[in-house]
Structures are given as structure tokens and as C-alpha cells.
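Colleague: Here are the chains, one letter per residue:
There are 2 protein chains.
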Amino acid sequence: MGPRIALDAMGGDSGPAPLVSGALQAVNDNDHLSVSLVGDAEQLCLELARIGAGDDPRLTIVPAAEVVEMGEKPMDALRRKRDSSIMVAFKEHKAGRVDGVVSAGNSGATMAAAIRCLGRLPGVVRPGIAGPFPTLRGPVLMMDVGANVDCRPRHLFQFGVMASVYHEVCFGTASPRVGLLSIGEERGKGNTLVRRTHDLLQASDLNYIGNIEGGDIFSGDIDVVVCDGFVGNVCLKVSEGLAEALGRMLGDELSRDLSSRLGYFMSRKAFARFKKRVDYAEYGGAPLLGLKGCGIICHGKSNSRAVKNAIDVAADMVGKDVVGRIRSLLAAGGLAPGPEMITEAVVGGK
Amino acid sequence: MGPRIALDAMGGDSGPAPLVSGALQAVNDNDHLSVSLVGDAEQLCLELARIGAGDDPRLTIVPAAEVVEMGEKPMDALRRKRDSSIMVAFKEHKAGRVDGVVSAGNSGATMAAAIRCLGRLPGVVRPGIAGPFPTLRGPVLMMDVGANVDCRPRHLFQFGVMASVYHEVCFGTASPRVGLLSIGEERGKGNTLVRRTHDLLQASDLNYIGNIEGGDIFSGDIDVVVCDGFVGNVCLKVSEGLAEALGRMLGDELSRDLSSRLGYFMSRKAFARFKKRVDYAEYGGAPLLGLKGCGIICHGKSNSRAVKNAIDVAADMVGKDVVGRIRSLLAAGGLAPGPEMITEAVVGGK
Chain A
1 MGPRIALDAM GGDSGPAPLV SGALQAVNDN DHLSVSLVGD AEQLCLELAR
51 IGAGDDPRLT IVPAAEVVEM GEKPMDALRR KRDSSIMVAF KEHKAGRVDG
101 VVSAGNSGAT MAAAIRCLGR LPGVVRPGIA GPFPTLRGPV LMMDVGANVD
151 CRPRHLFQFG VMASVYHEVC FGTASPRVGL LSIGEERGKG NTLVRRTHDL
201 LQASDLNYIG NIEGGDIFSG DIDVVVCDGF VGNVCLKVSE GLAEALGRML
251 GDELSRDLSS RLGYFMSRKA FARFKKRVDY AEYGGAPLLG LKGCGIICHG
301 KSNSRAVKNA IDVAADMVGK DVVGRIRSLL AAGGLAPGPE MITEAVVGGK
Chain B
351 MGPRIALDAM GGDSGPAPLV SGALQAVNDN DHLSVSLVGD AEQLCLELAR
401 IGAGDDPRLT IVPAAEVVEM GEKPMDALRR KRDSSIMVAF KEHKAGRVDG
451 VVSAGNSGAT MAAAIRCLGR LPGVVRPGIA GPFPTLRGPV LMMDVGANVD
501 CRPRHLFQFG VMASVYHEVC FGTASPRVGL LSIGEERGKG NTLVRRTHDL
551 LQASDLNYIG NIEGGDIFSG DIDVVVCDGF VGNVCLKVSE GLAEALGRML
601 GDELSRDLSS RLGYFMSRKA FARFKKRVDY AEYGGAPLLG LKGCGIICHG
651 KSNSRAVKNA IDVAADMVGK DVVGRIRSLL AAGGLAPGPE MITEAVVGGK
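Going line by line, the protein sequences match chains A and B. Residue 165 in this note's numbering sits at position 165 of the first sequence, with consecutive numbering throughout. In this note's numbering, each residue's number is its place in the second sequence (first place is 1) plus 350.
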């Protein structure tokens with residue numbers, strides 16, 4: 001039996017349509033996969049019928065009466081809505097009826113539901129979100145991109161360990177290069193958190209290449225970027241906003257004279273290839289790491305292709321047992337810094 | 351007599367050539383302007399002669415024997431190199447022989463020399479660097495972009511006040527819209543620093559529009575973005591790195607087939623306009639705010655056009671008396687939060 005994935009079919013900005021359609025694309029592409037659509041049974045039934053998948057045995061419906069909306073406070077929402085689609089999806093996971101969860105909904109609520117239902121892996125202080133970014137070569141994984149806004153050195157250290165395991169296992173990268181996001185490459189550069197984290201990473205068995213700057217993220221020379229969730233989320237949003245603004249500015253200019261308009265038409269294949277190369281939809285989703293289970297967050301704006309890719313990412317993470325790999329690595333203490341180092345970094349020994 | 355600007359003619363990645371040439375462009379463009387070139391007198395003399403400006407009375411040389419290199423630690427370097435070009439430039443300013451300083455060199459050393467020679471304005475806790483970013487409409491000013499990596503709420507509050515004054519005076523914006531960089535628009539979102547700063551900004555007379563996200567920076571709907579220097583510097587570098595990576599990826603794709611290559615050739619005017627629109631060289635430099643004087647930092651990679659624009663920015667800041675405006679505003683206490691609010695925000699009252 002292949003991986004079984006639960007999809008929060010009510011989350012996301014555009015309702016169930018792209019989610020259900022993405023699930024169908026995923027099972028059509030991978031025969032061994034099955035997807036549980038979690039949400040309003042009636043709506044989902046109609047949606048499945050609409051796309052001609054009403055009888056598909058690989059797509060089942062798990063009813064959930066409520067939805068956590070995008071703007072809601074995660075903790076409040078989960079307390080009030082015990083039967084929300086995101087909670088029900090993770091309860092399915094906890095009960096062993098699925099192997100992973102994909103959500104395009106409220107990411108704070110997704111993380112909170114995952115922690116509540118699955119729990120942390122032994123030794124993990126703070127689970128986090130590892131966000132993939134396109135670069136000139138292969139993807140770079142930034143962790144954390146929003147789950148933990150106020151961090152300590154040990155949290156950042158573990159982000160580095162977990163994202164490194166994920167990169168190695170899922171992207172097949174031998175000894176991923178780990179960089180610490182700072183504002184200068186020298187050891188003493190950065191804020192207090194970064195300076196203390198540097199010492200932990202330096203003493204680890206990770207392939208730690210030192211501080212990196214924001215501009216290095218997209219170079220393809222780094223595989224894992226370590227940062228706190230505030231900085232990581234700002235980077236993610238800045239990147240999206242800038243790419244969009246640049247696209248609009250270039251579009252403005254290209255439409256301003258006839259020669260440019262014709263030129264654009266002639267280059268349209270190149271623009272299509274470029275779009276595919278930088279489109280978040282191609283990268284699927286961002287894995288939650290540090291949990292006793294598999295959760296994937298995808299963009300609220302996800303189209304069916306992005307949802308399909310996120311389900312693939314979840315299936316890949318399950319198939320390659322990323323969780324087991326992180327668990328055994330932490331249990332063996334192989335990459336963990338010693339307790340005296342943690343104390344030193346936290347109290348600021350050097 | 352027009353503004354007199356000192357240029358650290360030894361800073362920057364490419365030596366004196368683009369700096370001296372930028373100075374000549376600036377005085378040629380503005381008859382009232384004069385520029386003191388600070389650095390190795392022999393080199394600068396030769397460079398002036400080379401571009402046929404050896405006898406230009408508007409360009410004078412102020413000798414300085416040493417240079418702070420890009421990789422040096424600012425404090426160490428200033429201590430060891432008392433006759434460095436950046437220190438001499440700010441000493442000229444302190445002595446009243448020039449009205450402002452422009453530097454493309456080590457930005458940490460520039461800030462440190464500025465604080466040492468000019469001093470802080472009364473009431474300013476931390477001077478900072480206000481970085482201009484291109485947007486879909488007009489420039490947005492982000493403060494701080496690198497001078498202060500560990501901040502408290504009152505620091506961020508003053509960044510908002512000072513950058514708002516600068517935007518109003520230099521860009522002619524009535525009541526600039528100030529946003530606090532966070533990871534969600536709701537009041538409770540963000541890290542501890544941001545949540546506490548929010549209360550200070552909310553209670554001020556600034557045109558504070560609340561938390562903004564990274565993606566909003568480039569929308570043109572904000573004039574001033576408030577953040578600490580670590581986050582601001584990361585944003586700056588991420589933006590530069592991403593713009594470069596996207597440009598290279600698009601270039602790759604455009605050169606891959608004949609039709610696209612032809613199309614690119616036909617659209618070359620559009621690409622040129624686009625480049626000009628997003629080129630940092632067009633934006634001149636980033637003002638240091640909070641000092642008893644005028645300092646402008648420009649990119650280490652600045653070409654002569656960027657240097658010329660940075661000198662213009664300095665002249666504009668001097669001509670419009672930004673420093674006097676910030677000084678009188680702070681003295682009047684008009685935009686400052688009361689002491690009880692500061693205490694509350696710092697100890698985390700709510």
C-alpha cells in the first residue's frame with residue numbers, strides 16, 4: 001500500500017475546487033497514492049462529482065463540520081472549532097488512518113493542530129516550517145519561515161539539523177551546505193541570536209559553511225538557510241512581493257511600445273519557461289519538521305497544480321521516512337551539541 | 351554658496367575612478383555644488399588630471415593617508431587608522447568646512463565615524479540608515495537597514511519618526527504612511543519587539559497604518575517601513591540577490607531559442623527602461639538619520655552615476671535642512687511618545 005495523505009479540503013483562498021482537483025491530479029499521477037479529503041461532505045461530494053471523480057476509490061471523504069478561516073488566531077480557533085477540517089485531518093494522522101497531512105489553510109492553525117495531535121519528536125524543542133526557494137541551481141530550504149518568531153540558539157541549531165536531513169533525504173543532496181542567515185560573512189557579524197547560534201553550528205557535524213547574507217540565498221551555493229521564523233517569513237514575503245512587483249514593472253515596459261510588444265510575443269516561450277522555473281506552484285509545499293508525523297503547508301493561493309505537487313511532497317516525505325531519520329539522528333545525539341555548549345550559547349559564554 | 355560635500359574618494363569596491371568621475375558629473379550638473387575629494391592626494395590628483403578636471407575649482411582634494419577596507423571591523427579600524435579617508439571626511443564636516451559626507455566604503459565604519467565626529471541629535475537614542483527601495487510608485491524608505499542589529503521599541507519608534515520627516519521633506523510627501531514590518535497585519539502578530547513597538551507607533555502623531563508584511567514593501571502603498579537593522583539589512587540583500595537571480599534566470603531562458611533571442615532584441619528598449627527603473631544607481635544613497643549632520647552611504651559597487659546621485663541626495667538633504675527639521679521636531683516632543691509609554695513598551699506592559 002502506498003502513502004495515504006489527508007488534505008484539508010476547506011483551507012485556502014479559493015475554496016475546495018483547486019484542492020479537490022489537485023488531489024485528483026495527484027492520484028492520477030501516482031497509482032499507489034490515496035487521498036482523504038477532509039471537510040464539508042456535501043460540498044466535497046458535489047465537487048468530486050463535478051470533476052467526474054465521484055466513484056474514484058483513491059479519493060475518500062472524511063467529514064468535518066467547521067473551517068478555520070485565514071484571519072483567525074490559531075489557538076482561539078482550534079479551541080472553539082474542535083471539528084475543524086485541519087484538526088480532523090491531523091486526528092486522522094494520529095489515528096494511523098493516513099500517513100501525512102497537506103494544508104493550504106491558516107498556517108498558524110496548521111502548525112498548532114500538528115503539534116497538538118502529533119506531538120514533537122523526542123528532543124525537539126521547537127518544530128518549524130522549512131520553506132523551499134528556487135535558486136539558480138536546485139532548491140534551497142529556509143528554516144524557519146514563520147512558526148517561531150522569538151528564537152534561541154538551540155532552536156536555530158535544530159532547524160539546521162532537521163532541514164539538512166530533509167534536504168539530504170528528499171533532494172538527494174550529499175552533505176547539504178548549511179548557512180546561517182546574517183548581515184555579514186565574518187564570525188562576529190549579526191545580532192546576538194546569530195552570533196550565539198554560529199558557535200553551536202560551528203561545533204556540529206553539519207556541513208556548516210558559516211554566515212551567509214540575504215543575497216546568497218538565491219545563488220545555489222547553499223542548500224539550507226537557518227534563521228528565526230520572523231526573519232524567514234519576512235524573507236519569504238519580500239521575495240514574493242518583489243518578484244511580483246518586478247514582473248509588473250517589466251510587463252508595463254514591455255507593453256509600452258510596439259516593438260517591445262512584438263518582442264515579448266516572440267519571446268513568450270522563454271517567459272513561460274522562466275515562470276515555470278520560479279513559480280511557487282512547482283515547488284509544492286513547505287514541510288513541518290520536528291513532529292511525530294508529516295505535515296505540508298502550501299500557499300493559500302495554491303492552484304490545483306500546486307496542491308498536486310504538495311501532495312507529492314508529502315508522499316515523498318512519507319516514502320523516504322524523513323521523520324524516522326530525524327528521530328534516530330536526534331536519539332543518537334549525532335548532530336546535537338553537548339549540553340554545556342547549549343548553556344554557553346544561551347547565556348552568551350563567548 | 352551652495353552645498354559643500356565631502357566624498358570619501360578611497361571607499362568602494364573599484365577604487366577612486368568611479369568616485370572622482372561621479373563627483374565631476376555632480377558639479378557639472380549643479381553649478382552651486384562643490385565637492386571635497388578625501389583620500390590619497392597623489393592618486394586623486396592623477397585621477398582628476400586623467401578625466402580633464404585637474405583645474406576645476408569646484409573639486410578640491412583633502413589628503414588622508416589611510417583607508418578603511420571593506421572587510422575590516424569598524425571600531426578596530428577607526429582606532430588604528432586615525433587618518434583614514436572616512437574619518438577625515440567627517441572631521442571636515444565637524445569643522446564646518448563641508449555640509450555633508452558621501453561614502454561608498456565600509457558602511458559600519460562610516461556610521462561609526464559619523465557618530466564619533468558629529469554626535470547624535472539631542473533625544474536620539476540610536477542613529478540609523480534609511481534605505482530607499484524602488485516600488486510600483488515612488489520610493490519607499492526602510493529604516494534601519496543595518497546600523498542597529500539588536501533594537502528596543504523606542505529605537506524603532508524613532509526610526510519611524512526620522513524616516514517620516516525625511517520622506518516628507520526630501521520626497522515632498524504630505525503625511526508619509528508609516529508601516530511596521532511584521533509577519534501578519536493583525537495587532538498581535540510579530541515578535542516581541544514588533545508587538546511592543548506597535549503600541550508606541552499607534553499612540554504617536556505619525557500617519558501610522560499598522561503592521562505590514564514583506565510583500566507590501568514594493569506595492570507603493572507605504573512610504574516608510576520600520577524595522578530593526580538586522581531584518582532591514584536582510585531585506586535589502588535578499589532584494590538585491592533575488593533581482594539579480596531572476597534577471598539571470600530570465601536571461602538564460604531568453605537566450606535559449608532563436609525566436610526568444612530575436613524577441614529580446616526587439617524589446618531591448620523596454621528592458622533598458624525597466625533596468626533604469628529598478629537600478630539602485632538611480633536612487634543615489636541611503637541617508638544616515640539621527641546625527642548632527644549629513645551622511646550618505648552608497649553601495650560599494652557604485653558606478654559614477656550612482657556616486658553622482660548620492661552627492662545629489664546629500665546636497666538635497668543639506669539644502670532642505672532635514673537635520674534641523676528632525677532636531678526641532680524632537681525638541682518639541684511633537685512625535686515622541688511619553689516616558690510612561692516607553693517604560694511600558696520596554697518592560698512589556700501590555
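Because the hints were derived from the structure by calculation, they are not lab data. Mixed in with the good hints there might be a few duds.
Sample of chain A residues facing chain B (criterion: CB under 7 Å; computed from the structure) [stated by the list, open to error]: (1) L46; (2) A49; (3) V124; (4) G214; (5) F218; (6) E240; (7) G263; (8) S267.
For lysine-lysine, the following DSBU-like pairs were computed, each having C-alpha atoms within a straight-line distance of at most 35 Å [as the list claims (entries may be wrong)]: (9) B/K539 with A/K292; (10) B/K539 with A/K301; (11) B/K444 with A/K189; (12) B/K651 with B/K444.
Beyond 12 Å from chain B on every Cβ pair, some chain A residues (computed) [said to hold, decoys possible]: (13) H32; (14) G108; (15) P122; (16) L136; (17) F171; (18) A174; (19) G251.
These figures come from a predicted structure and were not determined experimentally. We put the CB at the ideal spot given by N, CA and C, even for glycine.
Colleague: Could you run down the list of hints and mark each one as holding or not?
Modeller: Hints, verified against the model:
{"no.": "1", "hint": "L46", "result": "33 Å, violated"}
{"no.": "2", "hint": "A49", "result": "37 Å, violated"}
{"no.": "3", "hint": "V124", "result": "21 Å, violated"}
{"no.": "4", "hint": "G214", "result": "3 Å, holds"}
{"no.": "5", "hint": "F218", "result": "4 Å, holds"}
{"no.": "6", "hint": "E240", "result": "5 Å, holds"}
{"no.": "7", "hint": "G263", "result": "3 Å, holds"}
{"no.": "8", "hint": "S267", "result": "3 Å, holds"}
{"no.": "9", "hint": "B/K539 with A/K292", "result": "27 Å, holds"}
{"no.": "10", "hint": "B/K539 with A/K301", "result": "21 Å, holds"}
{"no.": "11", "hint": "B/K444 with A/K189", "result": "29 Å, holds"}
{"no.": "12", "hint": "B/K651 with B/K444", "result": "27 Å, holds"}
{"no.": "13", "hint": "H32", "result": "34 Å, holds"}
{"no.": "14", "hint": "G108", "result": "8 Å, violated"}
{"no.": "15", "hint": "P122", "result": "27 Å, holds"}
{"no.": "16", "hint": "L136", "result": "6 Å, violated"}
{"no.": "17", "hint": "F171", "result": "18 Å, holds"}
{"no.": "18", "hint": "A174", "result": "24 Å, holds"}
{"no.": "19", "hint": "G251", "result": "9 Å, violated"}
Violated hints, in rising order: 1, 2, 3, 14, 16 and 19; the structure is consistent with all others.
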